Amino acid sequence: MNAPPAIRAEFRGTIGKFALDAGFTAPAKGVTALFGPSGCGKTTVLRCLAGLLRINGVCEIDGEVWQDENGSFLPTYKRPLGYVFQEASLFQHLSVRRNLLFGAPRHDSGGAKGGIVFDEVVELLGITRLLDRSPRNLSGGERQRVAIGRALLSQPKLLLMDEPLSALDRATKNEILPFLERLRDHLNLPVVYITHDIAEVERLADQMVLMDKGRVIGAGPLEELQSDPSLPLAAARDAAVSFEGIVQASDEAYGLVTLKVRGGVLTAPAPPGPVGERRRIRVIASDVSLTREAPGPSSILNVLPARIVSMKPLDTNEVVVVVALGKDGSGARLLSRMMRKSWGELGLAEGMSVYVQVKAVALAPGRGELG
Amino acid sequence: MFGMPDEIWVPIRLTIELATITTLSLLVVATPLAWWLARSKAWFKEAAATLVSLPMVLPPTVLGFYLLIVLGPDGPGGAIASLWGGRTLAFTFTGLVIGSIISSLPFVVQPIRNAFAAVGDRPLEVAATLRTSPSRAFWTVALPLASPGLLTGAVLGFAHTVGEFGVILMIGGNIPGRTRVMSTAIFDFAETMRWREANLLAGGMVVFAFAVILSMILLEKRFTRAGA
Amino acid sequence: MKLTVLAAALVGFLTSLAAPVRADVTHVAVAANFTEPAREIAALFKQKTGHEAVLIFGASGAFFTQITHSAPFEVFLSADEDRPKAAVEQGFAVPDSRFTYAIGKLVLWSRVVDVTNGEAALKAGNFLKLSIANPVAAPYGTAAVETMKALGVWDALQPKIVQGNSIAQAFQFIDTRNAELGFVALAQLHGVTAGTQWEVPSNLHAPIRQDAVLLKTGANSEASKAFLAFLKGPEARAIIEQFGYSLP
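If you read the protein sequences in the order shown, they are chains A, B and C.
End of the first sequence = 371 in the numbering used here, gap-free, step of one.
End of the second sequence = 599 in the numbering used here, gap-free, step of one.
End of the third sequence = 847 in the numbering used here, gap-free, step of one.
Bear in mind the hints are in silico, worked out from the structure with no lab data behind them.
A few of these clues could be false.
For lysine-lysine, the following DSBU-like pairs were computed, each having C-alpha atoms within a straight-line distance of at most 30 Å [unchecked claim]:
no., chain 1, residue 1, chain 2, residue 2
1, B, LYS416, A, LYS17
2, A, LYS213, A, LYS260
3, B, LYS592, A, LYS78
4, B, LYS412, A, LYS17
5, A, LYS213, B, LYS412
6, C, LYS831, C, LYS647
Sample of chain C residues with no beta-carbon within 10 Å of chain B, all distances over it, derived [to be verified]:
no., residue
7, VAL744
8, GLN771
9, ALA828
Beyond 10 Å from chain A on every Cβ pair, some chain B residues (computed) [unchecked claim]:
no., residue
10, ILE379
11, THR503
12, SER504
13, PRO515
14, ILE546
Computed from a prediction, not measured in an experiment: that's the story for all the values here.
Beta carbons: idealized from backbone N, C-alpha and C, even for Gly.
Looking at chain A on its own, in the form it has when it is part of the complex (with noise of 0.2 Å):
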């Protein structure tokens, strides 16, 4: 993560009420989540990027200047962007090929120079049979794949999406998720993502960017950000941390998979994967327990050592506790969610080594799944 950032961005100004006051990078590959409570500022912020809204600031994509503090601006439709809206938004008089043409550059096809070819997208978001179809006959999920599609074919060189799964039900959005794995695989783009669901960001995510009321609390990849305990991703009654593992093992017969993370080896259930191949691991907080000592045979698989790295006190009469994994303690780090009392009791303080019994792990789908 040492490649200088491909995008800079650093908005400040009131819009009625509401004061914004963000500023944050983003690395030139991958997508950066832009996560946090509603009215906190993310369409905002995703709104100045595109310049459709225009406040105060700075914002540089991969050393071009779209619009920095001396007055300079460019207008929205002279940015290399793409945009996905939360409802998809097609042009209702064009048909589906026609709206996914309507940005793409007059003469060149795109895959002259390695952009973005429109027979890849196509197959990539799974959308060849809707290609004469008009708008109006497509399901939610076709429509918002279209969307998606069209903005790639106007060759952005920066990707902007707001909650664009939102508006889908569970089964649509679930339907729609590994073309965005496969997309985020493919893409030689950085793309900002919002979303207030942390199982997209989990899934689709490597840096993450944290707002509240306004401003960014926090920034950095998502691991990072999850097992931080100032900020109140950590202190959620559902908080978890998610990382990556490379498959070890498969045990067929018990239909588990072992997986190597730093600092150790986790057992999970799934269904029998390649070597060497990289699965997102959850852990949730309430389901990591602790121990002094290495305990005695027990239900549960997982038992790694650690060492504890730090505890806040939530408002309950209950603690969160960071551990790190491995002796040393310089592994992936997971949340630990106990009782006041038993951090108490046990005699738990930072820096001692501990063993961390996880309860449950769970596996992201593989390649060859759905969700």
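For chain A, the structure is supplied; the task is to place chains B and C on it using the hints.
Just chains B and C, lined up with the frame of chain A:
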């Protein structure tokens, strides 16, 4: 023509010419005006809208009276007419077109304004994110999406001009072949108790109006179903 | 209960509207050219008799059509003699009530061209538009056409003619200078000092006899009969002459 004597056919021809030219001119004039009314945030916008709507409410005599002054030698009409040696635009076909444009303007602006307002901001924002300049977006997105409104406006403008009587009476001078359109011709026939001719023309106008409005309703249905 | 009272009141109100008008008001349809003298006569009429004459101005042709379709006028002051005659013949007016109340004088008027010698001006033809009342609708228009034919300028001037649908509108065309000149009633120029005039010699056109008639709707109206009587009387005749009409 068509086996009709001139005194019947010529007013019909004049009326169709007047209505067609007026309608086309109105589309050109009303569309940008309606666009501005739909999207502007200027504080005097609704005052401007009211001004545009005045001809709908003013009696034709009032409108005709002011038009006489505006078109005449004391007004801009006179100045324009002097370019070709005339003194006034009253009593000319051009004068009738101007009068009809003003009197039919609100009937054309209103539906187009509503259609543009219904398009809303979103399609234009989408177009901007797709490298489309505001002017290109107007032609390729806003206009097609608003086209049912333009159609309605055109039909209403045409029908209103065909039926326009008061204003034409006041500024036309009833010149055969130039400004004696169907409405004033019917008046003449009724005055001289030539009921057969009056009925022919009047009845024809009723049938025409019916056909126009019916086709407008059907076209509108078809347009909205086909997804405009 | 309340509804029935309301309904009864409504019916009562509507019937009162349909009932014959009160005896002291009369509705008079007046040819446009006679507007000013009619107003003065009506004012004097009210002063002298206490009756009120409600005046409605317009084109005689339009009035005739309305009268034959039961318009609520009680007295008709036409700009010609043909229409009152037809009204009697067709049974809409009281026979023997018809009389000539004024004889119109045709005038050539212009605010742009000097028409003091009207015949010369017409023959010279130095103008683009000449305004007349639609002959179909107003006798002054017919008289204008007769005049031009008598002077031998009709063929030359016909392409320059514009028609107002009433003598009032013909006047308006000239007043706004949209037409350089035109034929109007002398009465309309009462008090008008702008421009130049030429009184058309009465031998150039058939006399414009303006007839009044009592309509069937006013047959039993005291005010209507009184108005017509007043119109024949010396005070009214003085006013009529003052306004530039001849008297029979």
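- Test the statement that PRO515(B) is away from the interface with chain A: the closest C-beta pair must be farther apart than 10 Å. violated (5 Å)
- Query: Is it true that the CA of LYS831(C) sits at most 30 Å from the CA of LYS647(C)?
  - Reply: holds (14 Å)
- Item | Given pair status - LYS17(A), LYS416(B), alpha carbons within 30 Å | holds (25 Å)
- 10 Å Cβ clearance of ILE546(B) from chain A: holds (45 Å)
- Examine each Cβ of chain A, and state whether all of them lie more than 10 Å from the Cβ of THR503(B). Answer for THR503(B): violated, closest chain A Cβ roughly 6 Å.
- Can we confirm that no CB of chain A comes within 10 Å of the CB of SER504(B)? violated (5 Å)
- Message: Does LYS17(A) sit within 30 Å of LYS412(B), going by the straight-line distance between their CA atoms?
- Response: Holds, at roughly 20 Å.
- Message: Just to be careful, I want the Cα atoms of LYS213(A) and LYS412(B) compared with a cutoff of 30 Å; is the pair within it?
- Response: holds (29 Å)
- Between LYS592(B) and LYS78(A), is the straight-line Cα distance small enough, at 30 Å or below? violated (38 Å)
- Could you grab the alpha-carbon distance between LYS213(A) and LYS260(A) and see if it respects the 30 Å cut-off? The given pair, whose Cα atoms are some 39 Å apart, is violated under the 30 Å limit.
- Since VAL744(C) was said not to touch the interface, does its Cβ keep a gap of more than 10 Å from each Cβ of chain B? Per Cβ check, VAL744(C) is outside 10 Å of chain B; nearest 14 Å; holds.
- Message: Would the non-interface assignment of ALA828(C) survive a Cβ cutoff of 10 Å against chain B?
- Response: Its Cβ never comes within 10 Å of chain B, the nearest being 31 Å, so this holds.
Against the hints set out earlier in the document, violations occur for numbers 2, 3, 8, 11, 12 and 13.
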